[in-house]
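For the record, the sequence lines run as chains U and E. Here the numbering used here = 1-based position in the first sequence + 716. Here the numbering used here = 1-based position in the second sequence + 212.
Each hint should be verified, as a subset may be incorrect.
Claimed, not checked - Derived coverage of chain E by chain U (criterion: at least 3 residues anywhere in the stretch with Cβ under 8 Å from a Cβ of chain U; other residues may be distant): (1) 274-285; (2) 288-297; (3) 402-411.
What the hints assert, rightly or not - A short, non-exhaustive set of chain U residues, derived as facing chain E with CB atoms under 7 Å: (4) Leu888; (5) Gln891; (6) Arg894; (7) Asn898; (8) Pro912.
Just so you know, the hints here were simulated from the structure itself, not pulled from any lab data. Glycine included, every Cβ here is placed at the ideal spot set by N, Cα and C.
Each chain, written out:
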Amino acid sequence: MRPWLLLPAVIAMLGLFVAPLAFLIAESLHRFSLTGTASGVTLVNYFKLIGDAYYLNLLGETLKLASVASLICLTLGTPIAWTLRLARSRAQGLILLGLLAPLLVSVVVRSFGWVVILGEFGLANSAMRAIGMNGPASHRTHLYTEPAVLAGLVQVFLPFMVLAIYGALQKLDLQLIRAARNLGANRARAFLAVLPLSIPGMVAGVATVFALTAGSYVTVAVLGGNGVRVLAVVAYEQAISGMNWPLGSAIGMVLLLATTLTLRLFQALIARLWPMPI
Amino acid sequence: MSYLRLDALAKSYGGALALDGLSLEIERGACLVLLGPSGCGKTTILNLVAGFLRPDTGRIVLDGQDITALPPHRRDMGMVFQDYALFPHMTLRENVGFGLRMRHVARAEQLQRVDAALASVGLEAYAERTPGQLSGGQRQRVALARALVIRPRLLLFDEPLSNLDALLREQLRTEIRAVLDEAGITAIFVTHDQSEALALADRIALLRAGKLEQFGTPDELYNRPATRFAASFIGGCNLIAQGAATIAIRPHCMRLDPSGPLQAVLETIEFLGPSTRLTLHDAAQKIVVDLATPPSGLFRGMNLGLGWDAAHAWVIAP
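Generate coordinates for the entire structure from the input sequences, incorporating the hints supplied.
Here it is as structure tokens:
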């Protein structure tokens, strides 16, 4: 028992997490003024957010986009994670490399990669024209649409989903599949029999991807433009372009609370549907 | 006619031969023990019989039906795994009922058979618990119940006792023997423990490097091992060079005899309970002697003359 060993972690936690959050909360309780921050504590920024259909719509859009991205990542990530678990060690190395290598490239670069593909004069359109699909769709940009943003988000965050599920699957005893097969289950039913054991990994993956996408800025800003707008982008605009730090902070707080609440509800729902033994 | 016949089974993994043209047969209701050191191919045989592996060549015939190409879920076999392989997210009742659900047995019959199976292993009071709440011995009993409840054509055991402590291992071994006798089920039991093999088997197949070293009753393997390997793997055996021949004698068939053909130096004395074990050396070899009633006055370094009953000694192939 050497509690002082915790000190570096406590200092890092306080300095890098608690303090910024405290500043954010404090800032969000100020009244906006162009001549410098006015004194006094007020909830006016929050009332503005709750009372304005524009912001409520944005919140809904943000949560919807994060949900859809999480769902797509879950759908794509589950088979990848299982393949990874069941693969031989050499194939495992290759899959992991393919999965993790993109993480070495900055999110900004990866998002602009999609611009090169989906833009008006991009790869997608040239390909369409090359195979004779010379319709109107091949002459306008595919950027600034929800599918474009989703494509970017899924590409950026899929590795987190795969790793979360794979983490849970590593503890899975593969003999269980054999036991199920031996007891009369065909491949599909044996898979379904052990699938619940990967639920904790799926929940962790969904929580990670949901939180990351709900707060993601770069990918949405680059691929969404004015077409797809979420709270993170608007918070940035308010704070940086509009100089309205209090409102930007309040947007950040609302996003944080909404994300946390949604995930709590989600986890409670899963725990009720598939209670896990200790 | 034999119930289960393995016919020239061969299997290799990436060039390494695990099983080299192995053939054997057993009768209905018999318990076959596959015995051998690790890497001898015994687990490969079990996996081939269960259908988890396909043989490179050879056939498996069960009750007159060629099952070599049958997928595992259509073989009607029950398997008990070394590390239990119980579904951790299911209760004992759900675990034991799994095979019946897969067979679409009527709900009422399922319940009745599951409860009977749990009762037969003394765990009916734990039906609603999950495997994580049980001890190792209890888990293996559940696994046994889960394998038995489907009334399998063949019961397969993959070193089921090796994760248990010594006392529990013997107790469960006796229970398994009783269950097999009572249900009249044909079984294959894989182990590397010779005492388990001798206690459980009607037939023992001793394997070595993917080949059958010796096949016979426990009595035959213990009292007339055919080879040096068989003699030393089962029960410990003195191999005494006598001219060109090698003679095998069990430690408990040796006796002290001042005018005996061997003279050796006593090195260690161990009290084992039913007997006392003397380890001796002569110029050529180590000799082990188990005496039920050792004489007094033995001490390390003394010279002892050794003899044996000719009736319990036999010459083995070099």
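Quick rundown of the hints versus the structure:
Requiring three or more residues with a Cβ within less than 8 Å of a Cβ of chain U, the coverage given for the region 274-285 of chain E holds, as 3 such residues are present. A count of 7 residues in the region 288-297 of chain E with a Cβ less than 8 Å from any Cβ of chain U is obtained; the coverage claim is therefore met, three being the minimum. Given as covered by chain U, the region 402-411 of chain E fails the check, having 0 residues with a CB less than 8 Å from a CB of that chain where 3 are the minimum. The interface hint given for leucine 888(U) is broken, as the beta carbon of that residue sits about 10 Å from the closest beta carbon of chain E, more than 7 Å.
The criterion of a C-beta within 7 Å of any C-beta in chain E is met by glutamine 891(U), whose closest approach is roughly 4 Å, and the hint holds. Using the Cβ-Cβ criterion of 7 Å, the hint placing arginine 894(U) at the interface with chain E is satisfied: the shortest such distance is roughly 6 Å. Interface restraint check: asparagine 898(U) against chain E, minimum CB-CB distance 4 Å, threshold 7 Å, status holds. Hint on proline 912(U) holds. Least Cβ distance to chain E is approximately 5 Å, under the 7 Å limit.
Hint violations for this structure: numbers 3 and 4, all remaining hints satisfied.
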